[in-house]
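Student: One letter stands for each residue in the lines below.
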Amino acid sequence: MNTISKADMKTLFFVAIIALLAPFILNPFPTDSGLAQFNAGYPDLMQRFAIYGILAIGFNILFGLTGYLSFGHAAFLGVGSYSAVWMFKLLSMNIIPALILSVIVAGLFSLLIGFISLRRSGIYFSILTLAFAQMSFALAYSVLTPLTNGETGLQITLNDPRILAAENVSGNLPVTTLFGLEMRDTWAMQVGAWDFQFNIGYYICAIFLLLAFYLSIRIFRSPFGMMLRAVKTNQNRLNYTGINTRPYTLAAFVISGMYAGLAGGLMASMDPLAGAERMQWTASGEIVLMTILGGTGTLLGPVMGAGFIKYFENIFSKINDTVLHGWFSWMPDGLENIIVWVLHLFTGKGWHLTLGIMFMLIVIFLPGGLMEGMSRIGNWWKRRKGDDDAESKSTTTAAE
Amino acid sequence: MGILEVQNVNKSFGGLKALHNVNLDIEEGKIHAIIGPNGAGKSTLLNCFVGKLTPDTGTVMFDGHSLLGIKPYEINQLGVSRVFQTPEIFSELSVWENTLIPCFAKRDGSFTLNALSRVSDNKDMAEKAEKMLVDVDLINKKDMLASSMSRGDKRRLEMAMCLSQNPKLLLLDEPTAGMARADTESTIELLKSIQKKLKITMAIIEHDMGVVFSLAQKISVLAQGTVIVEDIPENIKGHPKVKEAYLGEAQVEGNMRDD
Chain A
1 MNTISKADMK TLFFVAIIAL LAPFILNPFP TDSGLAQFNA GYPDLMQRFA
51 IYGILAIGFN ILFGLTGYLS FGHAAFLGVG SYSAVWMFKL LSMNIIPALI
101 LSVIVAGLFS LLIGFISLRR SGIYFSILTL AFAQMSFALA YSVLTPLTNG
151 ETGLQITLND PRILAAENVS GNLPVTTLFG LEMRDTWAMQ VGAWDFQFNI
201 GYYICAIFLL LAFYLSIRIF RSPFGMMLRA VKTNQNRLNY TGINTRPYTL
251 AAFVISGMYA GLAGGLMASM DPLAGAERMQ WTASGEIVLM TILGGTGTLL
301 GPVMGAGFIK YFENIFSKIN DTVLHGWFSW MPDGLENIIV WVLHLFTGKG
351 WHLTLGIMFM LIVIFLPGGL MEGMSRIGNW WKRRKGDDDA ESKSTTTAAE
Chain B
1 MGILEVQNVN KSFGGLKALH NVNLDIEEGK IHAIIGPNGA GKSTLLNCFV
51 GKLTPDTGTV MFDGHSLLGI KPYEINQLGV SRVFQTPEIF SELSVWENTL
101 IPCFAKRDGS FTLNALSRVS DNKDMAEKAE KMLVDVDLIN KKDMLASSMS
151 RGDKRRLEMA MCLSQNPKLL LLDEPTAGMA RADTESTIEL LKSIQKKLKI
201 TMAIIEHDMG VVFSLAQKIS VLAQGTVIVE DIPENIKGHP KVKEAYLGEA
251 QVEGNMRDD
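Residue numbers (this note's numbering), protein chains in the order written: chain A, 1 to 400; chain B, 1 to 259.
So here's chain B without its partners, still in its complex pose (with noise of 0.2 Å):
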């Protein structure tokens, strides 16, 4: 019984169909890879998690709820986060306010109409925001500009907005994407880290078979829409499946016409 159930979900735009009777079981508290060639709907997956599309036909459900037909806030509400492929932050606001931001969400709600506190006198938001930048080790840039920060820095910081709401579900697509080698390195340990903690279930698409592999418990290969093998890593590296798919990427597109 997983916390993330996906079942028999299609999606197609116009006449390609992009995914295929995909079907998906996240436990609870693994870290869960999706890997697969470009183009093979990762990403459209991704997107009928958080509200961002609606499958045609299928279920999403999440923690005993229905994921279809509820706005992207309201899909948070219930504990998910999503870090995006290019960081998705206030870039016009300081480090600091973007952490507390999420902050204020996770306690307040989608809306309150609290215009006469002062954000400073949040002492337990302050706390918590400046914990999590400890955490991703931003605090001393805390007062810079979101915006002037490196393409790693944003990357993490998008990571501290996520997790100060203490998802159960944390959505990642491709973490390290552009990140410089120690970049991901570190990234790599602060997930391993966090998952050993806070024991945050994780889905997480990535090109990068070394951050796959060390990182992933469970690994779902997706190729042109379906998911073709669903195991643990070991497994994954010599299957023949796998390899074939891989492959297909490579050759001319002949073979994929014959689906």
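Next comes chain A alone, as it looks inside the complex (with noise of 0.2 Å):
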């Protein structure tokens, strides 16, 4: 395949293999050990990993590209739910449509948002965005209660018309499945005190996580990628070399919405609901805080910025006092009430402030994110190998 150089193919197959492979990787230790809290590996939080991935990559062909920082994706993610769980409601519950219908909803519900706030650019356009994804907000959560069920969010009912689906005589509602393949099947594997587990739903994640990592590639290594990383370092000599700079940002924006749609489609398709939550302006901040965190303008930043953060949000957020406590009760009793103290600020629901601290210090020392820090490592590695190597010739030379 001669449609991305070598470099690239690596680099997919580095994450395809890493995909397939999650669920050893993100379970080292034993299901019965104290570190156990530490796996990953459990269907859900893998899902999410994927689907956040998605999101991630496509928002960065937006940020990472041409510079726009739209604070109003997650208005496209939730767009993208609803529209799933429709097709839930009223096809049928195979995921294919729905996928379809959240990345069709997406894509024209970017076109009208990016038509609008891209006539406007630096934090003109943030602001503008970020309007647009809270009155998103305030519309699904209330005006637009016949669409989206309001604060209870909506749901799929056995009274659902379904009109492809056999009739549910189980009287159970019915789960995601593609083409019968149910979504939340999960083979588990014992392997000693390990218990590895395999879900249909996350390897479909993965499947289309990859999918859009390909393209992803593509888009950068194109001509189209050029000119919208042309767009981030100069208009003025774009315009002036004959190039109308607005069709180019408005179809990144879209391909970008798209990819948001496609996030939230699998997110219902996981697990059948949408609510308005999803649309909130901190969700939004969450996807510009991956991507920053990753490494903007990179390929492989914003999918390792979203795995960080989702990682970090599930693990922490489930240290409660009572696992401090266990921790530290070795301690002399004083001590260990002063120190669970402590750190009861940065776990559980101050998890946060963890976050926050972690995303400070990320900005502060690696302006460029995680893979700036992997690139400095392997610079690093680099020259202290070739000091070796320069090390042992001096040697022989001198032994001669």
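Derived from the structure by calculation, the hints contain no laboratory data.
Built from N, CA and C at the ideal position, the CB exists for glycine as well.
Mixed in with the good hints there might be a few duds.
Partial chain A-side listing against chain B, Cβ under 7 Å, derived [as the list claims (entries may be wrong)]:
#1 Gly192
#2 Ala193
#3 Phe196
#4 Ser222
#5 Arg237
Put the two chains together into one complex, using the hints given.
Tutor: In structure tokens form, the structure reads like this:
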């Protein structure tokens, strides 16, 4: 396949291997050990890694390439979720039509918002997208209740028409499927003290993640992607070079909106409900954090940022006071209470504090995000190796 | 019959009259210099050619098309390229990409959604860009980040970017300002050779009279927003009106207020 270069192929292959082996990699600790709570290899969390990875890859096509910082991408995520759930209610529980509708509706919605917001650039663009996202949130929360079911959220019920589905005789709520494969199906593998879980839903998400990643590589290496990067550095020159920048930025906005729609649709496919809170500005902010944390404008960075944030969100928020007391029970009582009191601020419900500190440290010391950190380690490693070679050479010459 | 015809162009900013009934006729295949003291309206005039400013009255015709009321990118697609006073390049991109972008813009027009083809698969574009970089002697710097180059190199890069589009008219706003002597010489040589080879029409704004007289085939002298003389270089040198305009700048403002 010569549609992508060898180096890019390697990156794609690396992501594919990680995605395939995630149930092992994310589950390094035996199930009964005290460290088991640091395991992330359970279906629900792995699905979220993949879904938020897709979201961040799409966001990076807009923000990383053109530099237009959208603060409203959660709106497209929400719209995608609502569309998917409506497909589950009206058509069938198959996820394919749901995902198709999610992407189309999110695309149209982002075309509208992008068309208006892209009349401005810089901070005004960000504010416009933020305003639109908050408007969508407010609409979903109250005015559009017949469509969104307001604050309860849109759910599937037994009475839904589902015109393409066979009649439900079991009396249970139907589950999402891909032509009969149930998303919740999980095959557990017991190896000694370890318990590895392979979930259909996760692997579906991972396949979409790989497709999304592949498409983003193609876009990055295309003339279109080059023009988008030119938009970021000098729009003025681009105008005097005969390029109309507006359709380029709009196309990037719609593409990244469709990525968000796909992520929203997948979210609903894994768990068929959609709520307005998915569209709130904090959710939009989280997407921005993921991309910056991982490395804006890099291929792999956003996926890593998404995994990083989702991992800490889930792991740190689970460490409550009881767990902390368990860890420090070997200390004298007074000291134990003090330490637990201090750590309490950073764990459990206070995990945002940890996230904030980590984000600050990374932005200050690694402006290029986790990707910069990795390349620094890589360079240091190469230099060290180079020094070793040089040293060994000089010793051999000395010996001669 | 010139390739660029400017008739009765007026432009004022508030109460200040920047251009006053300017008439200009740039002949095809010639290098036409526009000179004049500071504040004479040279840059304003150039901005009217590229869509950055719209004149209050008058017409600007290029190759049979009016340039008024259309966007800068449309003017470029008609065949007008501009080199700026401070180099306008894609400073966060490599020299190579800087040269490729205008080639693609020339081939694909103002917008093409070619998100699935690979930049490196477009061999014809690469050939064009490479040839251009060889011409301006930047080929061994092609992987450098554009922002890390010297000012002279940036100018040469910008010129290469404009020339790679084979423009019908190349506008140069002080192409040698701030350049070292040697760089100025090589720029003059470059422009001369391009003009000889490709017969590109050029309009140059320049302060350095050495550059003007070694390049221009025709000179328009602009003073206080009007063209006071338009002639071949030999006749410009000793022209009394030109002397007056340049001396007026050196003298106290009193003279100018009489206008």
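Student: Can we keep the Phe196/A interface hint, with Cβ of chain B closer than 7 Å?
Tutor: 37 Å, violated
Student: Taking the least C-beta to C-beta distance, is Arg237/A closer than 7 Å to chain B?
Tutor: 4 Å, holds
Student: Min Cβ distance, Ala193/A to chain B: is it shorter than 7 Å?
Tutor: 48 Å, violated
Student: Holds or violated: is the Cβ of Gly192/A closer than 7 Å to a Cβ in chain B?
Tutor: Interface hint status for Gly192/A: violated (47 Å vs cutoff 7 Å).
Student: Next item in the hint list is Ser222/A. Is there a CB on chain B closer than 7 Å to its CB?
Tutor: Holds, about 5 Å.
Hints 1, 2 and 3, counting from the list given before, are not met by this structure.
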